[in-house]
Structure formats: structure tokens, C-alpha cells
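**Student:** Chain A is fixed; fit chains B, C, D, E and F onto it per the hints.
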Amino acid sequence: MGGREATMVLMDENGKRCDGRTVDEPRRIMIKAGGLKNADGSSYIEFGDNKILVGVFGPRDVHPKHMSDTDTGILRVRYHMEPFSVGERKNPAPSRREIEISKVIKEALEPAVMLEKFPRTAVDVFIEVLQADGGTRCAALTAASVALADAGIPMRDMVAAIAAGKVADTVILDVNNEEDQAGQADMPIGYMPNLEKITLLQLDGVLTPEEYKKCVQVGVDGCKLVYELQKKALNDKYFGNKGD
Amino acid sequence: MGGREATMVLMDENGKRCDGRTVDEPRRIMIKAGGLKNADGSSYIEFGDNKILVGVFGPRDVHPKHMSDTDTGILRVRYHMEPFSVGERKNPAPSRREIEISKVIKEALEPAVMLEKFPRTAVDVFIEVLQADGGTRCAALTAASVALADAGIPMRDMVAAIAAGKVADTVILDVNNEEDQAGQADMPIGYMPNLEKITLLQLDGVLTPEEYKKCVQVGVDGCKLVYELQKKALNDKYFGNKGD
Amino acid sequence: MGGREATMVLMDENGKRCDGRTVDEPRRIMIKAGGLKNADGSSYIEFGDNKILVGVFGPRDVHPKHMSDTDTGILRVRYHMEPFSVGERKNPAPSRREIEISKVIKEALEPAVMLEKFPRTAVDVFIEVLQADGGTRCAALTAASVALADAGIPMRDMVAAIAAGKVADTVILDVNNEEDQAGQADMPIGYMPNLEKITLLQLDGVLTPEEYKKCVQVGVDGCKLVYELQKKALNDKYFGNKGD
Amino acid sequence: MASHTVIDELKRNQILELLEQGKRVDGRSLDEPREVSIETNAIPKANGSARVRLGDTEVVCGVKIQPDRPFPDTGDKGLFICTAELLPLSHPTVETGPPGPEVIELARVVDRGIRESHMIDVSQLVIEKDKSVIGVFADNVVVDYDGNLFDACSYAATAALLSSKSPKWNWVDDAPTLVEGEEVDVPITTIPVSVTMAKIGKHIIVDPNGDEWASMDARITITSDSNGNICALQKGGDDGFTQDEIVQCGEISVRVGAKIREKLKEAQQGGQ
Amino acid sequence: MASHTVIDELKRNQILELLEQGKRVDGRSLDEPREVSIETNAIPKANGSARVRLGDTEVVCGVKIQPDRPFPDTGDKGLFICTAELLPLSHPTVETGPPGPEVIELARVVDRGIRESHMIDVSQLVIEKDKSVIGVFADNVVVDYDGNLFDACSYAATAALLSSKSPKWNWVDDAPTLVEGEEVDVPITTIPVSVTMAKIGKHIIVDPNGDEWASMDARITITSDSNGNICALQKGGDDGFTQDEIVQCGEISVRVGAKIREKLKEAQQGGQ
Amino acid sequence: MASHTVIDELKRNQILELLEQGKRVDGRSLDEPREVSIETNAIPKANGSARVRLGDTEVVCGVKIQPDRPFPDTGDKGLFICTAELLPLSHPTVETGPPGPEVIELARVVDRGIRESHMIDVSQLVIEKDKSVIGVFADNVVVDYDGNLFDACSYAATAALLSSKSPKWNWVDDAPTLVEGEEVDVPITTIPVSVTMAKIGKHIIVDPNGDEWASMDARITITSDSNGNICALQKGGDDGFTQDEIVQCGEISVRVGAKIREKLKEAQQGGQ
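Protein chains in written order, with our numbering: chain A, 1 to 244; chain B, 1 to 244; chain C, 1 to 244; chain D, 1 to 272; chain E, 1 to 272; chain F, 1 to 272.
Chain A with its partners taken away, still in its complex shape (with noise of 0.2 Å):
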């Protein structure tokens, strides 16, 4: 987010975004619970651009041994971009961004994961960028909790996410790609709804102290937005009609 001048203009004057978008209107949301054969669970969502696949593995056995735990089950959480994924090719070797996201997605589902009920196993989250918007972590997050209850992993709630963030002065929900280069602030955020908790927060930008609460606020309610797809996807596969 190096530069942030807006060399376009992110809101007009009837209040509408670049996209056409009105300040709390998410883009188009797409979930799919299942699709590949091979992994014990798995979803596919389009959030705007994005186009994110996810396989879950487990619980399974550890190797080596000594990673595993004797209290409980471990959780691990790969977030990787395909080559294609980005405007430039990128470069196959996992960069640190891919390493940092990994590790708060993993730090976002812990809360929503029942894993003391698998002791000395790990659940394996894997999660493939095929093309990246902006908010591809946020895309990525809500993915995973459908897939991990696509696999059948015992769940407290599920974490569904969103962006909020502020662009032309104002607190808007899901930063586009060009609202996150040229906007002012964006923050990320991962919600259950049921237990109400925050479980993913991260902010690059500057908000004043009433911003900051009000972005919170835009955030958390966009969630519980996510959230009803989320529990549509699993609803279609499992007891729905599967037309779609």
C-alpha cells in the first residue's frame, strides 16, 4: 500500500464506488461447499475476482511424530498464490506475505476448531489463490471455514470475513483491488458470529480513533452477511437442491 494517492476517483458524488458499489455493498459472493474428489473436504469461492479453491486433510497422523501434541490436535494452514494469480507472474517460492497470512488464517480458525477432540493429529487446511482481487485473505478465510466443515470437522461456529476500510474519507465494507492500492485505510476482518469474537484483525492505513471504531462496527456486520452464504453453501450441498 506504498502509494495512496487517488489517481482515480474511488467515490463519485453520489456516493457511489469505482464498481458502482454503494459504501456497505459487498461485491459478488459465490461459495461452493465440496468439488474435489481427493480431499476430505473442500469449497471453492468467487468473492468479487477472487477466485479461491480449498482442500481440507484430516485428522491425520503427524510426521514427524514429535510436531504432533499429546492434548490435543494440531491445525495447519497453507494460503499459496499460483503463478497466474497476480497481474505479474509470480514467482513460484513461497514469499513471507503467503508465510504471515498462513499463520493468521491458522491463528483466525483456531477459536472455531474443535481439535482438543483429536489428540496427536493434524488437521491440514490448504488453500490456492487461482486469481487474487483485493481481500484474497479475507475470500480465503471464509473458504476455509466451509471447507473444514465440508470435511467434517467438529466446529464451535464458523469464521467469516470481510474487509472494511476507509476510501475518499469515508468507512466503506470489502476493499476492492483498486480501493486497497489507491484507498486510505483497509482493515481486514474475521468474525464468528455465533460466539461473537473477532478472530482475524489487521489494519494498514490511517483511521482516527472514531474511524477506527466505526470500520469495527462496518466490519463485523459485513461478516454476519458472509455468514449466511457461508451456511447457504452448506445447505445447497447437503440438503438442498445442488442445481446452481
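Keep in mind that a hint or two might mislead.
[Said to hold, decoys possible] With a Cα cut of at most 35 Å, we get these calculated DSBU-like pairs of lysine-lysine:
1) F:K168 to C:K103
2) F:K129 to E:K168
3) C:K90 to E:K77
4) C:K103 to E:K45
Calculated from the structure, these hints are not laboratory results.
**Tutor:** Just chains B, C, D, E and F now, kept in the frame of chain A:
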């Protein structure tokens, strides 16, 4: 084999190739069994301007243990080029090309070696290319067979290898470096004459179905020539005059 | 030591060196025993403009087990330079130079440490160069001996170290950075005064046999000076006034 | 991918028994590949892309086209590079980390099949001779594994390349400069098709699925071009082929390849 | 740093019991950071430096300022890069080798806090647009560990940057050329301060020490600037915060940050 | 190379017992190196090469000479780099993979011995000042191991360098351009010879073979030049030397080195 434009005369009006050979004439081949003190078996080959040293250790214990197989011995092959072996000094790190050739040679040797006689152990074949000309993999495979025999490893047959190819619209035997760079096709073949099995086969370059068939025939015939030199090398060391 | 042209006056008409010292005068040396909370033993040295911190852990268990020795303890030494310790920012990856110096210092310390008293364990010496001037390895070795003593590791003797060298055709004590760059020879020496053994010795640069002999003598004499400062540092911490 | 348990042994016996009767575990004839489904433009932001299923093996390929420096000795040619990666969600045994020899071989064989066919005319990918050329990168990722990645990746890369449009650059002020809003075709000369065959016992089968892959003695991948010529080949596996089998595999590959080439053309037309 | 032994469990219980009574193990109040001591110019040969103790956590930061190439798309801006490394002498559990995820997160969070505050005005660090810019590298090394490296490294880097003087370069003969004997100030626009809080049970505490760090359920690091605005934030740890707690942490961070900013200013003045 | 089994202990005892009588296991006197045999031009396609046997230790060195970029601060000097690698076929205990500390030390000591003697006059290896220089790379590979790689690699590199002919480049159109068909001598100023001595008990022996190497307490490698001056030295091993021993080793190294220098000269003449 990026550029195949004929920037030189690869075949003259008399059917002579750029180094004076006829179409079915191999380069000078000199094979020596043994030579290294510490290796359990070794060999040295000069095949045209290729100079390759092979050392074999084993059957010996495998570390770490879990890499071993309780039912059979395992074969491990490393093909490695010295920094000074090629035109421009080679970076010492193993290239993807070297890793692939190691695997191809290993799979070419597997059917020849009676690994089932040595469960839980490994036989290691270390191939060192001191000077590279066209056709290093064939020369290396040829020398590796001799080194395995020199190490006293029980074998069903030896693998002899040489490349067929296409130059100036003609099928030829034993592609040299210039022909590989500027020619039309290169087909390395590894063959066990007694078992009548092709265990290495690759092709780069375009062949009609007829030419394809002919290349295989020319290559197999060439392998039989190489095989005689392999046997002679072992004879020279174990039974013969060691004068040379 | 690529360029040894005298681009500056390394010794003036009065026998004074570029920093005002006489031929057999060491730079300012300040050694402090202890200082770190978590390390089992530690020391800090300022040797000219060198600033080096050493921490020692052990004797402690070795992981993985097969790295340990059932007959004796093992000594492990890591010499490491901070990115900001040298003129141009240093790449954080360990250089081949750092790996060699780690090994040379380890072998210089070995004869001093009674490792045989702690079979199956390891003593770890971590050397951190915060600011580098000429002669880091001697300063580091000197400080490491003090840190080992501070950790309560039984020792036969301490190793004191300083470099002799040749500048403007004169044998000198304690080569500084300018003298190392523009001088004629640099000979770091590590010496155990009680056991009368040289345990570190290197040389870069050309010496006649006579100069060679003299350098060794000058270096050994210098080590005896350094040794007094090592003892004083330990005295100050354990028996003396800690006022600095 | 290659483990040797009792179950594997039983599966192999079952596969072999059926083959003795001329049958395969999934009902196909010996020279019949699995159903191929091709979705092009699956990654709209890439310059070209395809999602290919070959039976239950699934691969996504994205093509990126961007300016690059030429190799020192070929300043009059653009770059073509094709890679392949097994994503860990594609199978429980896949590990993360640097690629092992099997994946390196996979990537190099897929790359070579396309490269040696001269599918992409790299001599047309020059912005400024010796200074700047166009690089075409086709990156395959395997998202579901059921055997025969060689062909699945090759079809995905070929379909993605056929679907690609290239931005245009001019050489301005000593630098490649994007011409906004213009797109050109990638220079395509032929459509290579790789066909992989496995040898199990004495039987040669086309497009081995996961169970067949784990049971095979040796394999051969042969790529043919639009003219019905053979342009690349790779033998693999721990056993050998007779000379007759090698010739027979060449014939099968050209025949089966022709049918799959039609599907690639359909996908190209469908995607436009 | 995170192990789970019986001792850890006992320590956590003790910490929690005290917190129920509004007390901490080392006698601090819940929103009280440990004593901060700052020594600037600890590494005189660097362009700036600081040695910072936060309780028994100690960090040395050295700043190097040197010409560098700009990133291709930001040729009108200099570089600012901040790193962090745990030296093995800082704690018996630290291992040598490439940094793990925890250290990578530490470095990135410390870097981001300073970067997002726009403390360094990188637009002033240009020698020749698109050709040569000035890079400012602030490298932290942890020499003693007792919890909360985020804040200790952040204070060390900020103090080191405040103490820095930059050499000057001109663009001569297509190369950056040092102007001997001239030094200029690094362009500073604000003083960011990070404040890290841990959640243990239902309690939020500022600046957790080593034992508290090992016992916490979750943590949050919030950086505020000289205007009292919030410019960066990172939640961590295996549990969550309520919305109210997040708002409360924001307030604490601005309030505590203001006090620490005064200490950073004092150190800057003292160092001059 | 250094293992400590019962066999090793017995060997050491035997070696020591013989040394007490002034004898060595292979019949040499204490200051006598093994037979050196030198074959130059073993790799004709390289710019220089040598295959050297020192007893049963065998090393191949190839020299490559090619244009390179100078180091930023020494634009008026070419590059000389000497490496050493233990090939896995040289001994059953050698492992593949990145070099360990022992091999890194070996390479650096061999490089330094030649570099510090100023054998190659790098100031003559400039194509265009600050832009392009000539790099001379001497890469040693150990093909058979029987102790004392320091000297074997040093002799191989020196012999290979003495046998080298350099291509010629001119600076044309801002690039180094090969002058076809012309060859020039590599600028040689002196012939460095390294002599390695081991201390076993109280005895100093020259050129330890494999068994002696495994039994030694400490070692010292001293390089002298054609003038009989000492130009590089490296002590190693887990014990020390007395001051008298160090002086004595210096004298031995010059005396023995002079004899080996004659062999290197013979090989150079023989190779021409």
C-alpha cells in the same frame, strides 16, 4: 535444442557428416572398467569428447532407515556435471536437467540390476561428467552399467546406450554436439541386448512415423555395438591384457 | 585483502601508525563478563571499533540425539555478523567466510574446554558482531573464552587472541581495518598462555621467513597482554568492583 | 504417488486379471483415453487459461505473457516456459516444499512436448532484438489427482495457449511500452497432443488412471503434432519395452492424439 | 517461545489468579508498560542506531542508508525496509537457520507499523527518478528475550531512525556519487508507537512480559502516530476478541503510545 | 572424514608407535610428501586443466576463463576464484548436498593460498575498466580420497592455471567481444606451493595420508611462493602447536615446497 537452423553443413554431398563420419558410424568410444580406489566399482568412458567417471557403492545400509525397502534393494543414481565440463562455466547447484537425467538413467538401469537380492540396502551410482559433448546421458548410462558390473552387483544384463537422430533429413547414429544443436531430432536409446528391452528412450525433434521406426532400429543396432565395447572393458580388466 | 597498495600513510617518519599507535601497541580493549539475562554465560568486548557480544548455553542436551557423542561433550560455535555491522549492509544469509571463521574459532577453543566432563551434551557459543573493525575473529575468540568461563564451563586455560602483521615493511601488533586493507600481511593468533599453545593461526600476505618468525613472537606477546584483560574482566564481575 | 502396500498388490492382480480378458477396471478399451473436459478462460485475468479434467484428474493452467530479457545467445527469439506443480490439496500424499524428481520430470516433459512441436513461433515474440522479447509462461497446477498428469497438464497448457491473447508492446525510450487496449493473437503453428501409455504385464494401455498408474511396470509419453508427426517422447518407469512395443506405441499415440486434437480445437472455438 | 509444560500451566494459573485481583506478576497495573530505556548511537559506524531495553527484553537496531535501485513501478520513491531477527543468544529455545513464521510475522508487523505511519517520507529519498533512490534499512536484532518483541523492536527501529543522519549522493555520470563530508537529516513526518496487549482469560494487559506472553490467549498490536490516529494493527494468537475489547484496545494504545512517544523524543534530543 | 571407532583408535596407536621410532605407516620419512603425479590438459575443452594424484588422493581441476562484471570497488581488476568439491564417488562417507564447514574451509584455504601469493596478476585481466573484466575460475573436484586434500587441490589448481591459455576479448559496442582464433598467456607472477603438516602426539609429519589424517591432533597448511616467502597459512584441528613447532613448520614448508615447485614446473613444460 532451441535453434535447429542449419548454420553449418551437417552432411556433405558424399554423405559425410560434419566430423567426417558416415551415417551409421559412432564416434570413438573408449571404456575402462575400474580405476577408483575407494569406490566398490568404477568405470571411465570417453565417448567422442565426453569424458565421464562413474563410481558405485553398495549394497550398503540406507540412512535414514525409512527410505529403505524391506522387500528389495533400492537403486540411487546421481548424474552430475562439473563446473568446467561445458562451454560456459556451470553453476555448481544441481540443475533441473541433471535431476531429470538422474531419474531417467536410474529407471533405465533398474531392470538390469537384481536389487531383490539385497533387501533393505541401497546401491549408489555416482556419475561425474568431466567433459560434455553431445550424448552425455547415453555415455553415462553405458559407463554406469560397466561400473555396476565392476562392483560385483548381480545383473540380468547390461544396458548399452547411444543416440539415433535426424540430420539433413537423414537418420543417423550417434548424434554429436553440433548435430544436437543444429539437427532435426535426437533420440537417445538405452537397450539390454540379451533381454531385448529398451529401458531408456527419449526424443526431441520432429520425425515422421517412418523415420521414428527407423530411428529406433538404428539406435538398437548401435547399442549392440556399444555392448561389445562394454564386455571388452570388463574382459580387459578381469581376464585380459591390461596393457592399454 | 585484494588491494594492498598503500593509498594512505600507514606509518609515519616517527614510527607512528595511521591511528597514532606505536608498532607494538594494541588498540583500546574493554572486556565485560556477563550482561545477558537468558544466556548461561556471556561477555561483551570492544576491541578498537569492534563491538562483539557472546552468549554461551550448556552443557545441554543435543537434538537430534545422533549428533551427540557418548564419550565427550561437543562444542558448537556460530560466528555471525549483524547486517549493520559493516560498511555496506550485509546480506543476512550466513556467508562462507562466517562459516569458516566459526570453524576456526571452534577449533581454537576446543583444547581449552574440558568437554570430556560432559559426555552426550553440547556447549553452544554464539558470537554476534554488532560492529566490525579489523580483527573481528581475534576479538570474538577472546570474548568467547570469557563467556565460557562466565558460564562456569570447566577450562584448562583461556584462549587470548590478537593479530600480528606487516605494514610499511614493519612487523606490528594488532592490525586495524585500514592496515588490514592496505597493509602487507595479517596474522591472527590465538594462544593459551598457561599451556603455551597456539590454537588459532592464520596468515594472509607475504612474509619472509624472518618476518614470519617475528610475527609469531609479536603475536604471542600480544596475546599475553590480552589475557590479563580477560582475567581482569572475570575478576571485576566475580570478586571486584563492578563499577566499570 | 508410488507406494507398495498389500492393497496395491491386490489391485494390481485384479487389473492384470481383467487385462488378460482385454478389459480395464473402469470399462474402457485398452487404447481408449478417459473423458476429457476443457473449460477455457477459467482465469479471466490471465492472458489465457484452461481448466481440464481427464477422468478425475483435474488441472488448471494459466498463461502469463509479459516482456522479458532474451537469453544471451538467442536475442532474436521470445521465451516459452511451461511449468507444472502438484498442489497439496490434489492428493493426501502430496507434500509441500521444493519439487521432487517426479514433479521436475513432469514439468520438463510437458514443456518439451509443446516446445519441440514449435507450437509457439517464438521468432515472432521479439520487441527489440537482443534487448527485449515477449515471454509466454504456461503454469499448470494439479488440483485433483487420478493418474496420468503428463497428458492432463499437456492438454491444459495447450488449451490455455490456444485461448490466449497477447498484449502489445512497443520499444520506446529504451524500454518495452504497453500499447493500451490492443491485443494480438499468440503465434500458433501446430497443436501438439501428448498420449501416455502404460505397460502392465504384457499389456499396453492408454491414459492410465490412478490405480493403473500405481500398478504399471513402465510408461511412455509420445507427443505428435497436427501433421501426424512425432515430436517428443519420454519413456519412464522401472521396466523396459520391446522394440515392437515402441513402434506400436508410436502408432497408437498418433491415432489417439488426432481425436484429442479435435477436442482441443472445439474448446478453442467454444472459447471464442 | 510457546511451549506447554506443567510449569507453564502453573504459571498461567498464578498469573490468572493475580489478574482476578487486578494485579500482575511483576507488580504493574494492567495498562502499564515496563520501563523503557533507550541508548542511541550504540553502533557509531551505522547511519543510526539504538539499543533498547523493554524490561528484560533487549534489542539492538542499526540503520544503514545507501543508494539502491527503485521498484519498477515506484521510481519516484526511496525504499524503507525494516527487519527483525532473534539471535540465538537471546533465549535457549531460539534456533539458528531461516526464520520461522513467528519471526517473519514479527518483522512484517514492525515494518508495517512504521511504513503505514509514513514516518519516513520516501518521496524525498530519490537521487535520480526511475534510476537511483536511497534505501533506508533498519535491522533489529533481539539479544535478550522476555516477551513482547513487537514493541521492543518497534521502539528500537523508531529510535534508531530518529537518530539517523544520511550521507548525500548526487547523480554524476549515470551513477550515484557520494558527496564527501555532507550529512542530511532523514525526512521524518511522524513518530509511530506500537502498543501490544495480551488477553489472558478476560483480562487485557499492556506489554506482556515473557511469562505473560507464554500464558496469553490472544494478542493485539496497535500502532498510533503523533496525531493520535491509528495506522496499523495486527491481531494474533489462538483466540479472539469481542468487538468491545477491540475498541478498548484502540483507546489504550493511543493513550499509552503518547507516553512512550515522549520517551522516544527525549532519546532523540539526548542523542543529539 | 573424521569418525572415532575402535578401529580408528587402534590405527592411531599403531601410527603413534611407529612415529616414536621415527617411522610412518607407508615407509616415508616424517618430512616426506607422497609421490605427486601431474597430468595437464586432462580436460581439453577447458581453458586449462590438470589431473593430480598425491599418493591415492586424486583431484581434477578445470579452469574456465570468461568475461565477467568487476566488483564495484575494484573495477580495475579481474576476478580469480578457486573452488573445491568432494565428489561422492571419492569416498563412501561423502554426502551429496550443500558443502559442510570442512569443504568450505578447504575451498577457501586453497583459494587464499593462490590468491595471497598473487600468482595471477589480476590487474592485467581488464577488458574495459569498471565495465568488464576477465574472470579466471579454477574448480577442483576430488575423485579419490586418501587424506590431505589441501595440498592435492592446491597442486591441481596451480598446475591447471600454469597450463591455461586465455581467449582474448575486445570491448566493442559496449560489450566484450571474442577475438576469434587468438589466445594469450594467463599473467603468472609466481608459483605458490602449499605444504600441509599434521601433528600426531608430539610428531610433525608432512602430507598426512587418510589414516594419518584421521589420527591427527592438529594440522597446519603453509603456502610459500617462488621467492621462498610465506604467503598464507591455516591452522586447523582440535589441538594447538607450540611456538617452536610453528616456526619449525614454516621452515619445513619452504623446503618441501621448493621440491614440489620443481614438479609443477616440469608438468608445465611437459604440457606445452
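**Student:** Decide, hint by hint, whether the structure agrees.
**Tutor:** For each hint, the structure was consulted:
1. F:K168 to C:K103: violated, 40 Å
2. F:K129 to E:K168: At roughly 25 Å apart (the allowed maximum being 35 Å), K168 of chain E and K129 of chain F satisfy the hint.
3. C:K90 to E:K77: Judged against 35 Å, a Cα distance of about 23 Å means the pair holds.
4. C:K103 to E:K45: Given pair K103 of chain C, K45 of chain E holds - Cα atoms ~27 Å apart, limit 35 Å.
The structure fails hint 1 only (numbered hints given earlier).
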